[in-house]
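*Asks:* The chain contents come next:
Protein chains: 4
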Amino acid sequence: MIRFECDYTTGAHPKILEALVNTNGEACPGYGVDEHCEQARAMLRELCRAPDAGVHFLVGGTQANTTTIAAILRPHQGVLCAETGHINVHETGAIEATGHKVLGLPSTEGKITAQQIHDYCQAHHTDVAWEHMVQPGMVYLSQPTELGTVYTLAELEAINETCRRWRLPLFVDGARLACGLAASDVTLPDLARLCDVFYLGGTKAGLLFGEAVVIANPNLDHDFRYLIKQRGGMLAKGRLLGVQFEAFLTDGLFLEIGRQEVAQALRLRRAFEEKGWPLFMDSTTNQQFPILPNEAMEALGREYSFEVWAKVDERHTAVRFCTSWSTSDADVAALIASIQNL
Amino acid sequence: MIRFECDYTTGAHPKILEALVNTNGEACPGYGVDEHCEQARAMLRELCRAPDAGVHFLVGGTQANTTTIAAILRPHQGVLCAETGHINVHETGAIEATGHKVLGLPSTEGKITAQQIHDYCQAHHTDVAWEHMVQPGMVYLSQPTELGTVYTLAELEAINETCRRWRLPLFVDGARLACGLAASDVTLPDLARLCDVFYLGGTKAGLLFGEAVVIANPNLDHDFRYLIKQRGGMLAKGRLLGVQFEAFLTDGLFLEIGRQEVAQALRLRRAFEEKGWPLFMDSTTNQQFPILPNEAMEALGREYSFEVWAKVDERHTAVRFCTSWSTSDADVAALIASIQNL
Amino acid sequence: MIRFECDYTTGAHPKILEALVNTNGEACPGYGVDEHCEQARAMLRELCRAPDAGVHFLVGGTQANTTTIAAILRPHQGVLCAETGHINVHETGAIEATGHKVLGLPSTEGKITAQQIHDYCQAHHTDVAWEHMVQPGMVYLSQPTELGTVYTLAELEAINETCRRWRLPLFVDGARLACGLAASDVTLPDLARLCDVFYLGGTKAGLLFGEAVVIANPNLDHDFRYLIKQRGGMLAKGRLLGVQFEAFLTDGLFLEIGRQEVAQALRLRRAFEEKGWPLFMDSTTNQQFPILPNEAMEALGREYSFEVWAKVDERHTAVRFCTSWSTSDADVAALIASIQNL
Amino acid sequence: MIRFECDYTTGAHPKILEALVNTNGEACPGYGVDEHCEQARAMLRELCRAPDAGVHFLVGGTQANTTTIAAILRPHQGVLCAETGHINVHETGAIEATGHKVLGLPSTEGKITAQQIHDYCQAHHTDVAWEHMVQPGMVYLSQPTELGTVYTLAELEAINETCRRWRLPLFVDGARLACGLAASDVTLPDLARLCDVFYLGGTKAGLLFGEAVVIANPNLDHDFRYLIKQRGGMLAKGRLLGVQFEAFLTDGLFLEIGRQEVAQALRLRRAFEEKGWPLFMDSTTNQQFPILPNEAMEALGREYSFEVWAKVDERHTAVRFCTSWSTSDADVAALIASIQNL
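In order, the protein sequence lines correspond to chains A, B, C and D. Counting along the first sequence from 1, when you hit position 334 you're at 334 in the numbering used here, and nothing is skipped either side. Counting along the second sequence from 1, when you hit position 168 you're at 168 in the numbering used here, and nothing is skipped either side. Counting along the third sequence from 1, when you hit position 272 you're at 272 in the numbering used here, and nothing is skipped either side. Counting along the fourth sequence from 1, when you hit position 28 you're at 28 in the numbering used here, and nothing is skipped either side.
None of these hints come from the bench; they were simulated from the model. Since no wrong hints were added, every one of them can be taken at face value.
Derived pair list, reagent style SDA-like, types lysine to any residue, alpha-carbon separation capped at 25 Å:
no.	chain 1	residue 1	chain 2	residue 2
1	A	K311	A	E83
2	B	K15	A	G25
3	A	K15	B	G30
4	D	K15	C	G25
5	C	K311	A	A129
6	B	K311	D	H118
7	B	K311	D	T126
8	A	K15	B	N22
9	D	K15	C	E26
10	D	K311	B	H132
11	A	K311	A	E109
12	B	K311	D	A123
13	D	K311	B	E131
14	D	K311	B	C121
15	B	K311	D	Q115
16	D	K275	D	E314
17	D	K15	C	V21
Listed next, with one range per pair, are the computed distances between beta-carbon atoms:
no.	chain 1	residue 1	chain 2	residue 2	range
18	C	E161	B	E38	37 to 43 Å
19	D	M1	B	E83	37 to 43 Å
20	B	E38	C	A42	52 to 58 Å
21	D	M1	A	H125	51 to 57 Å
22	A	H124	C	P278	25 to 31 Å
23	D	Q122	C	A42	55 to 61 Å
24	D	A333	C	A42	33 to 39 Å
A partial selection of chain C residues facing chain D, derived with a Cβ cut-off under 8 Å:
no.	residue
25	R3
26	Y8
27	T62
28	Q230
29	R231
30	A236
We treat Cβ as the ideally placed atom computed from N, Cα and C, and that holds for glycine.
Modelling step: build the complete structure from the supplied sequences, incorporating the hints.
*Replies:* Set out below in structure tokens:
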């Protein structure tokens, strides 16, 4: 069984693992105030050209999302996001558990537009019964989205402008940002300039675990560590996050891993297209969503793991193949051969 | 600087690290349903002689506490615990953030008694205005306590009996349970028999991170994984927890580490006593709380890290020294020599 | 200005007010355990033919909804309801503020079907990643709906059956139930038999304020008063609710008021239809939603208050006219004359 | 049975009831934006000499407390209050249900001091592990306290100064403020000047229900109506609150009722003292706490209702007698005679 079901099937990239092993014996203070964390923070600030940004390392994406959103919103506010947004569908109501409604917007390929945000805010603030409805208090989007698509720089600029107009903090979930950087014209400095908060995900890009939250808006950084602790996100041996991100940010390893994940995925995409299988989603990143004849799905399922995404019709199903840091040329070649032989 | 400030200053015990390195390349399903997790679950159930217990692996203690408590309580209920309990003082209100009051009981050396629990419940349920007060809905205690003391088996039996009488689930925080097992007559099967839920902590006993939650009461196990996900505790590469606990539970490693931490701490305790320094707390585990003359505190602080605990009088301060899996004989010998030379 | 904007523009029905005045000087215990409350409870139980039901009086609908829903759901569960449901759109996220997601289902005329509930549950419980999604934990519907439509007895029976199959408590918001009883074949005993919880609203049927929550499922009644207090719903002078409901339930006053509100509304409906104005919604209760030419809307707006509901096209707007206990024949006749004269 | 058990046993003061009856037929907009509410707001602003203050009318005290506190605090913050504070003991954890810890301070006669507040903040902000503890985010106190005592102007001035120094909003629960105004040197303009938020309670001073929340700090008033709606406190027929407070604030009725309640209570106090019964609490307001021999308690209990407060020793019990707007000279004379005859 070769695994393409998700991008977190294996352990850490060798360079990450090596860094953990090499520093294992060091005695450090706990809770993320050690020198490795400080060094990784400095590196990320420099990569973002954001010398004053707050940087916080959290174990996982749901924690990063709930901690950030709970830190930003007042009790009567909700978070605007695509209906397909991770916080709206796949976090077991974690945002609602902090007291806030997720305000889902209909989405095309997982994305929302500046115009949608504007229209929602205008409708809310002109309704006579506005106080009876949840106030939009921030915007959440994912780069890349949960469906593998990416925002262009122009789209992000427009969203940023709308957010400023309505005074809505903008938060970008970067669980797969390494791939997003490889597949879009949006850079880390762009994100630091256009977002109030975003994160660079490690879990899906070769770390054992870890997400680096960058708070570009200093008002929102205030007391953030209290919230990390309250939400259960303050790792005792916080140095593990610092050590991993130091290695991840050194010599562009994060970019290299992102590029490699995307390259392997695009090889799969070409194989699907050459086979004549349509794509459920026009993804340019490490998740690919071919629509398979059900017999092909069954046949491939005997040798490869992947995720069933959506029933398209009685005879076809959309599935998801994911590549990761550890997807080898041999894995990809085997899958392509199997496809061609069907 | 030799570090005694806490029990999580260094990385993982060599056997834990080795297991992580050896399994790093394996491809597994995510979220804790891989074979390593299953194996570790089976081992822990057997050690507890609780074949039907639910076992869940979480990254840290605050997560384990909030997830368990939120799973058990109804909205109008609170959790009884010692005023010094970790959930009452050192988790930034994480329990209250789930909507529940922590009902602190005055405590002697970090412990509460069956009688206190009984009296509180009786007072609550006979008050005419009971509905105006938070209903006690469960009991939380720590073994060992935050002050290094331990519950005896007889004490736990009595608390269990009171809890059954008042239908209160009993939850034991075992963040330092490896030491608790070494320093008390309470065993894992005792805990599985007497508690509804408890956990065996790894973070403070040589793992990179990880707590194994054992749910002995099957009613409380129902849907628990939803709550883990909602509270941000479902690690994508869940196998990391399985792999570590497999190693931790093999050939009694967890017991060995607990015994070693305690043994080193008791060597320190003897040195304090021989020096004539009184103990702030009669701890028999890996945290020791000598009361130091302020000049001695200052002198030791130049070479050793430790935590300032409480001002005792103008000239004396209680401090905390912690030992961990990585506290060496040399570290302890050096500190003892420094004490003797003061 | 004659007011048709809502059904709570005036004070209390004369019989309700009289009861309040007559009992004003009595000294009673507080918090709803007085004799008037007990008497009103007994009357409602008898009207429902539910001798064991719990009955609780709350001040308003949002309180009734949040208290009931928070009492029923476990933390990882959400409430299924029509997308247009009051809890989903007009309570400022009150349900989310208790930690729970509202799971909106697409609705036809404000109603949901047994089939929709079944399909949602089946999809949830067969998804491989179910623990990553909010679990449906109960069903909420409104009788009549927010759009004036009603469930038939057959529809409610089918929903009840589906709820039992999936073990979902069924909760009916009866803020306008007096009208619902007048306009459907569903009776109080039917509701008590088919729902786990429902309420009979007083605020919109001639009381100063007050909703009578009937908990037919005794398991859900347990400790309910704690939740009322916690959510701020326990009125100190609780007797005000008992006194009002005593009068409301005496000699069928609640039925009479409901019938009268509906009769006046249907007179308006006929006038709209005769004028040739289409109806935005096929309402048979005290809210009517004609689609007006914009000039007609403006003209009527000079003499009558009503609510703008939805823009239909550039030249037409759906509006809402409400009748209440105090809508007089003269008010209705005046409005009808104005319509005819346009 | 003559009732002294609380100050909300009877209905409304005749002038309040008359106002309700007189305005019953008026048709007004809902939710507190009618002319009666506007007029009452203007009157209260003038009485407070606070022309820019926000004024909001809520049904009850628990609602006023939870809505205000939830509006002010960020998620990691708690509210400092006396251990005996109403929010800490008698609201079923309503504050915790909004996610916030109540930080109880030991209190003398229900009061806390500026020094206590200062010490708590200083200790918090100098602790090395501050982020692991709930941050004090505001101060709550009651005037008069739950034990009948009052803060002097000098005490309030000192607390205000400390709150400014630590940037803590100050919130005063005035559920019995009418009595507090009668029994202290603190006036409404003082409260508006020294507090960020306070309220003037109506329920315990002759209204059917209602508390007038005055938000002197305009930053805290922003979006407050959303929070009222979310917490279930936005009364549909909001005019009921406006009408009652108009009458309450006209010609000093609120002051008159407060003075009368206090005067009757002090007559009782003198009777207790003359009888030689010690006072459990040195109350100068409408709650009196004599310590009764148990036989006297039993004898009085046959004719008068009162609340058992605390067991003092095997033979003595502290009880609470309350006076209200409807406590007549005859009621008081009867009780005094009964005491003298014991």
